[in-house]
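Participant: Going down the list, the sequences are from chains H and V. With full-length UniProt numbering, letter number 36 in the first sequence gets 36, and the count goes up by one each step, no holes. With full-length UniProt numbering, letter number 4 in the second sequence gets 4, and the count goes up by one each step, no holes.
Some hints here could point you the wrong way.
Unchecked claim - What follows is a list of derived Cβ distance ranges for each label pair:
no.: 1; chain 1: H; residue 1: R384; chain 2: V; residue 2: N143; range: 14 to 24 Å
no.: 2; chain 1: V; residue 1: E74; chain 2: H; residue 2: L251; range: 46 to 56 Å
no.: 3; chain 1: H; residue 1: L164; chain 2: V; residue 2: E74; range: 43 to 53 Å
no.: 4; chain 1: V; residue 1: A120; chain 2: H; residue 2: I365; range: 32 to 42 Å
These aren't lab readings, by the way, just hints derived from the structure by calculation. Even glycine gets a Cβ: it sits at the ideal position worked out from N, Cα and C.
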Amino acid sequence: MFGLGKKDVTLFLIVAVMALFAPFILNPFPTDSGLAQFNAGYPDLMQRFVIFGILAIGFNILFGLTGYLSFGHAAFLGVGSYAAVWMFKLLSMNVLPAIVLSMVVSGLFAVVIGYVSLRRSGIYFSILTLAFAQMSYNLAYSVLTPVTNGETGLQITLDDPRVLGQSATADGGIPVTNLFGLEMRSFETLDIGPWAFQFSVGYYVAAVIMLISFYLAIRIFRSPFGMTLRAIRSNQNRLYYTGLNARPYTLAAFVISGMYAGLAGGLLACMDPLAGAERMQWTASGEVVLMTILGGAGTLIGPVLGAGFIKYFENIFSKINDQVVHGWVSFLPDGLEDFVVALIHPFVGKGWHLTLGLMFMLIVIFLPGGLVEGGQRIARRLRRRPAEEPAKSASTEPAE
Amino acid sequence: MGILEVKDVNKRFGGLKALTDVNLSVTENTVHAIIGPNGAGKSTLLNCLVGKLIPDTGSVMFDGHSVLGRKPFEINQMGISRVFQTPEIFGDLTVMENMMIPLFARRDGAYRLHAFRSVASEAELRERAEAMLEDVNMLDKRNMHSASMSRGDKRRLEMAMCLVQEPRLLLLDEPTAGMARADTNNTIDLLKEIKAKRDITMAIIEHDMHVVFSLADRITVLAQGTPLVEDVPENIKGHPKVQEAYLGEHA
Ligand SMILES: Nc1ncnc2c1ncn2[C@@H]1O[C@H](COP(=O)(O)OP(=O)(O)O)[C@@H](O)[C@H]1O
Ligand SMILES: [Mg+2]
């Protein structure tokens with residue numbers, strides 16, 4: 001179906017259902033309950049889940065297949081954002097041209113950076129991409145101020161031309177990003193009992209684009225091109241003597257993944273039309289590496305999971321402060337309570353990086369295949385258990 | 001006129017003359033062995049044929065076209081496939097995937113692989129890959145992770161990967177080097193089978209002349225970078241020049 005194998009169709013449908021029902025799935029706790037702060041089903045965060053999912057899916061096409069570890073993908077993210085905001089300033093607030101331009105510009109960028117960086121492999125390739133990204137970051141901050149608006153960041157203003165749109169709305173406000181009139185920021189709230197579910201236009205636009213990106217990634221993974229990218233990782237020498245030149249294919253993978261990153265950057269600007277240099281910082285490049293490895297590099301679903309995992313931590317774990325922890329352990333005697341809170345303190349709130357770092361280390365050491373490998377191990381164990389206890393299962397389940 | 005014509009090839013490494021006035025002609029549908037003691041320049045010669053090295057002087061013509069200055073993947077596309085001294089395969093891929101890459105390379109050329117068509121839909125190529133695996137008795141291993149196979153199986157797979165491209169010339173660099181006696185015999189038997197089943201032109205580089213004796217149609221003996229004699233195997237064995245070249249070698 002759709003040119004996909006049976007397993008891939010299933011995988012795609014699972015992701016599609018999860019994306020479409022995310023406002024429910026991510027909002028399991030009633031609004032008034034103490035656990036409501038663990039809900040992730042609000043538009044702003046859900047948008048980030050799918051947008052960084054796109055970034056990680058694209059990164060995985062390069063890193064997961066060819067093994068080339070780029071440490072400069074944030075540059076494409078930033079370039080995509082700048083391109084999109086310029087489109088909002090010059091053309092119109094419609095997100096479509098902005099998305100197209102962000103992909104085109106980041107693609108061109110990727111051709112140049114990839115062409116130079118791919119002359120080296122391994123650590124030297126990583127360093128070259130890192131150098132390029134830092135260069136872009138510094139340029140955006142200083143020399144290129146006319147284009148990037150330096151430290152302040154690029155924003156839309158009332159005197160932007162917007163030749164196909166309007167500079168200001170009828171009541172003198174700044175117009176908002178939209179898709180042929182559908183405003184990105186608008187949302188509906190559905191109240192069911194104590195729950196409040198939010199359905200945002202911006203989220204669904206981003207989610208549909210993520211699903212398209214995911215579909216294309218599956219097609220690439222299953223194609224001769226994708227298989228050759230894995231062969232590049234495995235043995236370039238053999239490939240070279242088998243009649244294929246690795247360089248153009250690696251460059252193609254680099255450009256595709258750069259365009260995915262540019263698309264993600266463009267979408268970030270569609271949801272919130274501003275672009276700043278900090279989006280290009282090396283920590284942002286490192287984050288997508290973490291997402292991909294955490295979820296499972298080289299697997300289809302892994303990067304999406306990794307992106308969701310890290311963004312959840314960043315936004316939810318970071319909000320757990322001492323007060324909240326006190327609330328959890330208030331049943332303990334006072335002295336002990338303070339002690340426990342002091343113990344947990346470094347790991348929550350501003351300390352969420354510490355927790356994430358520890359989890360990352362544990363996963364890399366014990367589950368080198370990331371969350372996907374974890375899931376596979378659990379599935380295997382569940383499947384094996386009935387076989388190990390034939391007496392119990394034989395009565396309840398048929399043999400096969 | 002052979003399919004491969006090497007004329008007056010010289011190659012120096014600094015002060016060392018690795019190849020001196022090498023002339024060689026490989027006739028279509030024959031097995032041509034190039035033997036010689038260690039350091040004779042065999043690998044250097046092979047590297048000049050596949051684009052890894054460029055001779056200082058002389059010419060290398062394949063089917064009437066010069067290969068000099070062409071990259072290894074371009075020379076492969078001209079119809080020359082090579083087997084390495086230690087098997088080079090795609091270790092992260094399955095046996096079947098290892099077979100598909102050379103088929104894609106041959107059908108689509110160096111630069112035109114499909115990015116959206118599914119590998120699973122390539123029924124015709126898969127059949128060819130399976131037939132080839134059958135030929136080398138590896139069909140039952142088609143879904144195996146290739147890195148986890150024995151060295152002998154990797155060698156078989158590498159040969160199958162080269163053969164499935166239907167090369168006009170197959171080059172083998174010491175295919176039995178470092179192998180135990182049994183593995184060596186297996187490899188030679190496999191090559192004989194291959195030769196019996198199809199029209200194929202092979203050039204085999206070998207240190208130990210006994211290995212290629214029963215296989216080669218012609219043998220060239222190389223010593224100190226120069227061909228000493230070229231003849232049919234029967235005449236090579238007792239040739240005084242050959243005895244001399246191998247003297248002092250314990251092989
Ligand atoms: N890349 C190189 N640089 C310098 N000397 C080399 C190089 N390759 C081979 N040689 C030298 O050229 C001679 C022939 O080597 P080689 O072709 O590997 O011999 P064989 O394969 O017959 O054992 C040897 O003396 C070797 O040391
Ligand atoms: Mg050698």
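Participant: Give a verdict on every hint.
Facilitator: Hints, one by one, checked against the model:
1. H:R384 with V:N143: 14 to 24 Å: holds (21 Å)
2. V:E74 with H:L251: 46 to 56 Å: Violated - the Cβ-Cβ distance for E74 (chain V) and L251 (chain H), about 18 Å, lies outside 46 to 56 Å.
3. H:L164 with V:E74: 43 to 53 Å: Holds - the Cβ-Cβ distance for L164 (chain H) and E74 (chain V), about 49 Å, lies within 43 to 53 Å.
4. V:A120 with H:I365: 32 to 42 Å: Holds - the Cβ-Cβ distance for A120 (chain V) and I365 (chain H), about 35 Å, lies within 32 to 42 Å.
Violated hints amount to a single one, hint 2; each of the other numbered hints is respected by the structure.
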